[in-house]
Amino acid sequence: MKPEEKNVEEVLKQYWSSASQEEAEADCNLVLHRLRTAAERAPKEGNANSAFLSLFGTRLVMVSAAAAVLFAVVIGTMIVQRHRAVAVIEKSGATVAMGEIVRADVDGSTLVLADGSRVEMRAQSELVLERADDGMRIRLNNGSVFVNAAKQHGHLYVQTKDVTVSVVGTVFLVNADDKGSRVAVLEGEVRVQQGTVGKSLRPGEQLASNPQSDDRTFFRETGWSPEASAYLSKLQESAQSLAARQSAEGPTSPSDKPKFEEASIRLCEKELPAVDGVRGSGGGAGNIRLSPGRLDVQCMTVNTLISLARPFLKNNPRQLPENGLLTMNGNPSFTPEDQTRVRSGPDWVRSERYTIAAVGDSTDAPTLQVPMLMDLIERRFNLKWRVETEEIPVYELSIAKGGLKIKPIEMESGKYEEFRKIRASLPPQRGRNFEMVMLRDEPTYAGLLGCSYGPAPNPSVASAQFREALRRDGKPPVCGFHTYVNGRFDAADERALGPNVVVNSGASPISLLADSLSNDSGFRSLAPAYLRDTLNGLLVVDKTGLPDTNCLAAIPSAGTPCAPLFNYFLEYAIDESLFTSKQNEKNGSFPKAPNIFKALEKLGLQLEKTKARREFIVIEHIERPSPN
Amino acid sequence: MSADVKAKLLINLLVPCLAAEEHMSTVTLTNISGEALEREFEELFREHCQFVYRTAYSVTGNRQDAEDVLQSIFLKLLQREFPSALMKSPRAYLYRAAVNLALNTVRSRKHKSIVENVELLVAPERIDSDLANEEMRRNLLNAISRFKPRLVEVLVLRYEHNYSDAEIAKMLGKSQGTIAVTLSRARARLKKLLCASSGDNK
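From first to last, the protein sequence lines are chains A and B. According to our numbering, the stretch in the first sequence is residues 1 to 628, in order. According to our numbering, the stretch in the second sequence is residues 629 to 830, in order.
The hints are simulated quantities; they were obtained by calculation from the structure and are not laboratory data. Since we're looking at a predicted model, the values are computed, not measured. Among the hints, erroneous ones may be present.
Among the chain A residues that face chain B by a calculated CB cut under 10 Å, a handful are [claimed, not checked]:
#, residue
1, Asn7
2, Val8
3, Gln14
4, Tyr15
5, Trp16
6, Ser18
7, Glu23
8, Ala26
9, Val96
10, His155
Ideal Cβ positions, reconstructed from N, Cα and C, are used throughout, including at glycine.
Using the sequences plus the hints, can you model the full thing?
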């Protein structure tokens, strides 16, 4: 190599943009899922062209309608052959008549019933479709099925040798083997009849006909399903509502306490790439992966792990999106805990990194993740801890005296159910806020709110269109929570350099706005970069008093109101200190928006500096881990 | 099954459909094995998706664009007749398509003036404290986007897929010497562009 090329070679190696394995796998699966979904939806909806375009047309503007028709019809042929059949096997296109025995092949099979219900069969499972007095009965002879039941005119039943499950518009899992039957509900409600005893099951609940069978591991067995990740995502939501219901019933007995039974914990000997050098959202040091019945931690400090095991400390920045819990099969990385959340203890809890592989009870339910992780640390590190509080300055986002100047979107209760149904069919967005991504990227999801998605135009144009739509009291052109830096466009840099930030909110809760303004070390948030001076790097907490239950994702428990969703437009000025003097000079020609405080007034919101009590964990006692 | 055979099978399955496009009906199409088509298409996709995705990512520098490139390429396969290059070497064909489409994506982004779309509450990534690193990464992407596709093809094979000169030559159907010269020129041009973007013209 020539001497002058040496530097360039180093630059290429150091700054080359590479996707992580996680990203590549996840996005490949996402694309494949979209292709399959298009094939599945087109025939059902009876309009291949529009169905296809609704799925792809907005994101892939280069795909012509002709190709769309071709793809949808060609790939969808297996479903259109429905000659007097009551169901069709999705992969082969073979039809199934009443009374016919259906055995799943080695890869499993999916049956699509005439009413649109889907029955996903585990490999080697066997069932028969039968006519019932008021609908259809699936007689499960052996194996496991996931049933995603469409709304019935009559009833859909699943019968095993010892139980009968009756359903209307729900998603559930049934297993039948020599030991008995097990039923678990992911969405909606089922009625399980065993002899003369009947019981209703709600989301997150399960039942075993044989008390001897270990139903705690039932959800762990979902790995056979290609849709497992979507089901597990649904299960997380179900478990949340179950947890809400169970909260009043007190803790479970110690013997029932789920835990990681076996764990290998070893010191991370080889120093992995420095945290700052990690690109993307996974891999390298400090990452954690939770999968059904399994935990893998790569080179994390103990106090980081403790902070993840106790994520709901009051008045701390959220570490994770959505419900603040780890996403199943996600692989997020974390910078070492900086003693904000976890304090005291010997120095090694902040310096020594550990790699952990643990297996045990199912971690599928999010309500189990936290106690199981803390239990593991308590047992293996002999940890004793307590929670203390301290007073810290914060900014409170609250409703101004004059009241909110924006109105929540009116949502019919039935619409939430539609959202949840579509949500269940979509792949989880690992580590991302599902609603905001899907409202942006998934036309059928956004379509329920009358939003569309198209290639983002120049932000100033997008913002103008958005503002105009809201002025007319119409629906926003784009749903989701979008922020742009708006101002002078630098062609060389391919981005705007300010001086304003624009927020276009289409059907998002106010809590997202608070999150976006908060000085948050875990998220890519605007405030640390753009409002560091204005908000003094402080946490912004949501004190609007508005409900925060995300009914798009989970069925709210009785009496719990849904988080209201708002369409609004907000534009505020970025701190001038962010720019160099040269940039400020150039930005000078672009009209500057009001500061964040003034901008919020237009929405009927205010930011007030106040004090709040922040919770943190104090390590009372800890030892290096016991031998494996 | 080799990639060549799979590609041929895919073509065999699709060409009758393409010919029948004008007079398409359920009856004619049900004669085609949807299952075989789906399986072969999926196998082709699975075999090359990561290669295509990584190629696109290294040129566009972000997931969303890489994902769009991947989707577009495989949908285009269903949109039109298959070029002979695909039959000859699916990997090489898909690779070139990925580079070209990724470059088009990056260049059209410039014209559309999409400046910044900060997606909040995404994966819990760290805020990169070293802004200079990010700037250098962006400068590198900018510089690469100005290259001709042939140069980019060579660079991505070397720095993303870690191919040797000989492997690059085989993949692109060039001589090893040509590849060495191309790489050298690419580095020299990169140096010039990077120096210019950082204001260092030494």
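Do the hints match the structure? See the list:
| no. | hint | in the structure |
| --- | --- | --- |
| 1 | Asn7 | 7 Å, holds |
| 2 | Val8 | 5 Å, holds |
| 3 | Gln14 | 8 Å, holds |
| 4 | Tyr15 | 5 Å, holds |
| 5 | Trp16 | 5 Å, holds |
| 6 | Ser18 | 6 Å, holds |
| 7 | Glu23 | 6 Å, holds |
| 8 | Ala26 | 9 Å, holds |
| 9 | Val96 | 15 Å, violated |
| 10 | His155 | 31 Å, violated |
Hint violations for this structure: numbers 9 and 10, all remaining hints satisfied.
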